[in-house]
Amino acid sequence: MSVEVDLSGVNGETAPPKLHLLPCEIEHTGPAQVAQYFTPSIRDNGQGVLQASFRGRELRGGTVSLPDGYTGLVLKEKHKAVSDEEARVFHAGQKFQEFTYWNMETPPSRNDALQKAMHWLDISKAIHAPVDRNISQNGSHTRVKLEDSSP
Amino acid sequence: MNLCDFETDNTKSCVVGSEVPDVTKGEPCCLGIDEAGRGPVLGPMVYGICYCPLSGQDRLKDMGFADSKTLTEEQREKLFEAIAGAGEFMGWTIHILAPNAISNCMLRRSKYNLNTLSHDTAIGLIQRTLDSGVNLQEVYVDTVGDATKYQDKLKGIFPDLDITVTPKADAKFPIVSAASICAKVARDRAVKGWTFFEEKDGNSISRKFGSGYPSDPETKKWLASMVEPVFGFPQFVRFSWSTASKILDDKAVPVNWDDEDEDEKAATPSVMSFFAAKGEDPKQKKHQYFQERFLHTVTDFGS
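Protein chains in written order, with the UniProt record's numbering: chain A, 1 to 151; chain B, 1 to 303.
Bear in mind the hints are in silico, worked out from the structure with no lab data behind them. Just so we're clear, the structure is a prediction, and the values are computed from it rather than from any experiment. For every residue, glycine included, the Cβ atom is placed at its ideal position computed from N, Cα and C. Some hints could be false.
[Unchecked claim] Covered stretches of chain A (chain B as the covering partner; in silico rule of three or more C-beta atoms under 8 Å from a C-beta of chain B):
#1 22–29
#2 37–44
#3 54–62
#4 109–119
[Unchecked claim] Computed cross-link-like contacts, DSBU-like style, restricted to lysine-lysine with a CA-CA straight-line distance of at most 30 Å:
#5 B:Lys251 to A:Lys18
#6 B:Lys111 to B:Lys220
#7 B:Lys78 to B:Lys172
#8 B:Lys285 to A:Lys125
#9 A:Lys76 to B:Lys251
#10 B:Lys285 to A:Lys116
#11 B:Lys200 to A:Lys18
#12 A:Lys80 to B:Lys251
#13 A:Lys18 to B:Lys12
#14 A:Lys125 to B:Lys286
Given these sequences and hints, build the entire structure.
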């Protein structure tokens, strides 16, 4: 089965969507009244930690920016493929450069799996980058400099 | 009683109080504590305290305090005006616990029940009064849970105070009645003036929620009509009440939290599992680095 991503609908002009990654699984795919029920409940404690509630439970969150060179896309599969031979087509709508992720009760930290996972992009880049042959033939160790991009 | 701090942001709890009368900083005083809005599934729970010099017992009786539940709303408002008018002699403080704060506390991972929340709020109000320089000597509290245990807990924290915890304290001690009036008036005003932040972009919310008690058919009807499939209820509702959660189980989309099946995972494995062949080939297992970050190699989008 092949997968196609249709980028023709990508719109950079419209306001970027406000995305929230919640620490729970909601058994629902479709629209939700985020602007009425969730966004107005968000409070900023002034130190970069956001607070909100979902279904009565306390959430603490923060904003995550995508690394340089990456673009987030909201994909929608308008029609489900009926057979294995048929290609799955995803339509890219809006672009995003950041999103908010929420923990249950605990403030966001660098130990959160999500923040740590974002480091993999830098590490992956470094270990897959071509190695300068001259250095390795000299017998000295190849050094890869990793920069921690988190704040 | 100025509730504008709470009305500006009703997602958070808030403390409001009178000026501390000078006479209460000198003369030995008594203090009463009571709460309002413990039972309802809607709106804030309010803790009230009232204090005055012990020498003013007669004046207190003359003001005509009685259990706030036996009074009409109008009578309570009048009595609150009398309390406010006696500002040179008696002081009051209320702690409004926002419904959202109650839900957050009760649904925490480490369970924090309503009785503990009540006790902690009462302790906070006593401490606050002591800190403001009031010469407290006697404290009267309407009980929450077991009276003896609650009294021992308070005496352990405030060994210098003469503390009485008893059921129906609001009917027995005028200073507790006065506190109950402050609490009830604040609760009524907060409910009446409730701003639903959810009410925007054409989303209108009916005010016909009845008394707010789970047994009230009008309240039940309102709750059932209020369900938003994803978010559940407006934050005016206490999600931690079983009346509310049962309606969500029936009418809203299911939501699964990471911590809900923690108990099962933590269970001791059966002894047989040590002898059985492991399902996974250890060589196929991802490195710990990837496991900790929940990183997987994928070749397709999820369905």
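Hints versus structure:
1. Beta-carbon proximity to chain B at under 8 Å applies to 6 residues in the segment 22–29 of chain A; the threshold of 3 is reached and the given coverage holds.
2. Residues of the segment 37–44 of chain A lying with their CB closer than 8 Å to a CB of chain B number 5, which satisfies the three-residue condition for coverage.
3. For the segment 54–62 of chain A, the stated coverage by chain B holds: 5 residues have a C-beta nearer than 8 Å to a C-beta of that chain, and at least 3 were required.
4. Residue count for the segment 109–119 of chain A with a Cβ under 8 Å from a Cβ of chain B: 3. That meets the three needed, and the coverage hint holds.
5. Restraint check for lysine 251 (chain B) and lysine 18 (chain A): satisfied, since their Cα atoms lie roughly 27 Å apart, inside the 30 Å limit.
6. With a C-alpha separation of about 26 Å, the suggested pairing of lysine 111 (chain B) with lysine 220 (chain B) holds against the 30 Å cut-off.
7. For the given pair, lysine 78 (chain B) sits about 21 Å from lysine 172 (chain B) by alpha-carbon distance, which is consistent with the 30 Å threshold.
8. Between lysine 285 (chain B) and lysine 125 (chain A), the direct Cα distance comes to roughly 23 Å. Compliance with the 30 Å bound is thereby established for this hinted pair.
9. Under the criterion of a C-alpha separation no larger than 30 Å, the hint pairing lysine 76 (chain A) with lysine 251 (chain B) is consistent with the structure, at around 26 Å.
10. With a CA separation close to 20 Å, the supplied pair lysine 285 (chain B) and lysine 116 (chain A) stays within the 30 Å bound.
11. Between lysine 200 (chain B) and lysine 18 (chain A), the direct Cα distance comes to roughly 18 Å. Compliance with the 30 Å bound is thereby established for this hinted pair.
12. A distance of roughly 27 Å separates the Cα atoms of lysine 80 (chain A) and lysine 251 (chain B); the hinted pair therefore holds under the 30 Å criterion.
13. For the suggested pair lysine 18 (chain A) and lysine 12 (chain B), the alpha carbons sit about 24 Å apart, so the restraint of at most 30 Å is met.
14. Straight-line distance between C-alpha atoms of lysine 125 (chain A) and lysine 286 (chain B) comes to about 19 Å, which keeps the hinted pair within the 30 Å bound.
This entry satisfies every hint, going by the numbered hints stated previously.
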